[in-house]
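A.B. asks: Here is what each chain is made of, one letter per residue.
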Amino acid sequence: MSFFKKLKDKFTGNSENEEVSDKYKEGLSKTRNSFSSKINDLVARYRKVDEDFFEDLEEILISADVGVSTVMDLIDELKMEVKRQNIKDSAKVKEVISEKLVEIYYGEEDDQVEELNIKDNELSVMLFVGVNGVGKTTTIGKVAHKLKQEGKNVVLAAGDTFRAGAIDQLQVWGDRVGVEVIKHNEGSDPAAVIYDGVQAAKSRNADVLLCDTAGRLQNKVNLMNELSKVKRVIEREIPGAPHEVLLVLDATTGQNAMSQAKTFSESTDVSGIVLTKLDGTAKGGIVLAIRNELQIPVKLVGLGEKVTDLQTFDANAFVYGLFADMLEEQE
Amino acid sequence: MAFEGLADRLQHTIQKIKGKGKVTEQDVKEMTREVRLALLEADVNFKVVKDFIKRVKERAVDQEVMESLTPGQQVIKVVKEELTDLMGGDQSKIAVADRPPTVIMMVGLQGAGKTTTTGKLANLLRKKYNKQPMLVAADVYRPAAINQLETLGKQLDMPVFSLGTEANPVDIANQAIEQAKNEHHDYVIIDTAGRLHVDSDLMDELQQIKSNVTPDEIFLVVDAMTGQDAVNVADSFNEQLDLTGVVLTKLDGDTRGGAALSIKAVTDKPIKFAGMGEKLDELEAFHPERMASRILGMGDVLSLIEKAQDNVDEKRAKELEEKMRSASFTFDDFLEQMDQVKSMGPLEDLIGMIPGANKMKGLKNVQFDDKQLSHVEAIIQSMTKAERQDPSIMNASRKKRIAQGAGRSVSEVNRLLKQFNEMKKMMKQMSGMQKGKKGKKGKGFNFPFM
Ligand SMILES: Nc1nc2c(ncn2[C@@H]2O[C@H](COP(=O)(O)OP(=O)(O)OP(=O)(O)O)[C@@H](O)[C@H]2O)c(=O)[nH]1
Ligand SMILES: [Mg+2]
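These protein sequence lines are chains E and R, in that order.
Here our numbering is used: the first residue of the first sequence is 1, the next is one more, and so on.
Here our numbering is used: the first residue of the second sequence is 1001, the next is one more, and so on.
Calculated from the structure, these hints are not laboratory results.
Treat the hints with caution; some may be incorrect.
Claimed, not checked - In silico DSS-like cross-links for lysine-lysine, where the CA-CA straight-line distance does not exceed 25 Å:
1) K1050/R / K79/E
2) K1424/R / K1400/R
3) K1154/R / K229/E
4) K1029/R / K79/E
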């Protein structure tokens, strides 16, 4: 069972919405402690800090999709640190490992949970972008539910006018959560739908407008331009909007996620990442490199297909998750 | 593109090793290190990479490779061979049941592209094989999934079987087969809901569908952008369902697609098709060769190397080259070289494949007319043994005799003699260039007739 599966079980097995976030925080402080103790276990397996130790560490991280260059850099730094501090005992290397990993994610900044940017008493607009099938529409359903639970007035805009059945799919989520969906016909101009969505959200005094878009591969220039246009429509209608442009990434994706993050940022200035499908066996380690290289934080994680399977991201828990399977094997 | 840096580095390493007259174990180690990085960066699973590199190393340090004229090229050849081998051959065939309908089941993770691929496959079956498929909407979980397939059915003008979202997927599949029989459809393609390979309830459901409808094909649909987890997913689906093939989707993106290699390695099931776009006619037969090059980030350079290697007698070429270097190159050798070159196919094609060939001064001045080559041959064959060995003994009467024997003019004989001397000079320059300056395009290429 993966760490996130455990997390998920912890939170979703119970009644749907009950102070999930409190429990999550509570769970996290536990994980923080157990994280360091787990790393301790890992390093205890080796008496010496030698080539084998580093090779194993390298493989753990690579198999979590952290990316080979990030891993090499990390290992190099670790080796240097080990040499500098003259560490011979593997147990002592534990702090250095966890420090370095979390440091890759946060860089110079303090570690903190990066929350969604939602304004009080004015309309906030969120645009969801990403390649095909990563979970944009599903995430919108989940976010809508979360915000509605918090007492917000939410409107959805069905900006995917391309994929067969996409509009119906969002409508089902709208019905499920109990929020209004602004839509046009399949094949119509997405910018026009989004424009209408903004007008509708304004006239209904909505707090948040969530905009779905069609999945697109980042190397399709036309489609990326279309997306920039959608964003410009929002900018023009509401100063300071969109308040979030969320790039949805599938945790199963490998190194191509970096290319996705780069290209989507260029065309829509991505403000945060939603990492989906962490309930599977994939680890999504590439977000470390993305945060490090492009300074885009992960804001939410998707842990399943149910409306409640959404959590805020925590780097420490995530880093722990990278090692989880390996540590469990040992137990 | 995201991978350019690595591809460049790899190219660089290959350039370095390619032109080498002698390859040490250290060189091989360095090269396999770069290949390892390229593969990992392309998302090939690290265990698969490990095995792969081990095999390449074993073969690369083999005597035969090390002793060859162009060990560098041979090493690269080994890499390419192993890689293509690992991907399997072209196998884009689809089963045909003894008694129709042939049943195809589409399975995979959420968001892999099953529904779209179902539509594309149906389209391909009708267009290419003249079949009349029926589509089955067995994804009762994802909102509007049935809707999606029905829309595709309308676009294709093909029947879609559905019992709504309340029905059980196993019942849906069973009833669909009955209806297909009654309506004489020759193919049935079942679109199942995306699921995690570790979701035992839902995997169970697939097994039930399988035992009820005994499909002729079970295709795992995999996103080409999948990372290291591809092995877990493919292995698990294969273990539980015994797949018959794999379809890679979203290959029109800029991913290297190393998942393809991982999947083939762990399941040993053929990758049959590749999705190349969102439109319904964008499904293609899968080409392992192209995929191998894509993963390593190289194009025609590899094919050229293979071609050269296949047609040149290594040992003999080496002797000839030494002769050229030591200026003891004779007309006999020249004749032999020509034979080898001719056996490689039309000259122009070969020249075209050399990276940077059009920029090489030496090549421009040499004539590459096939007809002229046969004239040259005739002239050389009219020479005595002594003349071939040492052209410096040529005088006017010898030239006249040779011209008569070959049925060519004396001036042609003169021109050949001049060309021969120029060639020897150029050969020296070329081998000097290889040792000398760095970073010149095409410098490392060791063409046997130069
Ligand atoms: N297991 C799991 N499945 C998810 C998660 N998020 C989304 N999915 C599933 O992934 C599939 C694709 O999700 P969608 O929301 O349709 O993805 P999308 O990005 O909107 O797709 P397109 O609009 O086609 O580009 C669906 O089957 C979802 O149920 C998650 O966190 N975990
Ligand atoms: Mg969608």
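A.B. asks: K1050/R and K79/E: Cα distance at most 25 Å?
C.D. replies: With a Cα-Cα distance of about 22 Å, the restraint between K1050/R and K79/E holds, given a limit of 25 Å.
A.B. asks: Between the alpha carbons of K1029/R and K79/E, is the straight-line distance 25 Å or under?
C.D. replies: 22 Å, holds
A.B. asks: Between K1424/R and K1400/R, does the CA-CA distance stay at or below 25 Å?
C.D. replies: 24 Å, holds
A.B. asks: Straight-line Cα separation of K1154/R and K229/E no greater than 25 Å?
C.D. replies: Given that 25 Å is the threshold and the Cα spacing comes to 30 Å, the pair is violated.
Hint 3 from the list above is the single one not met by this structure.
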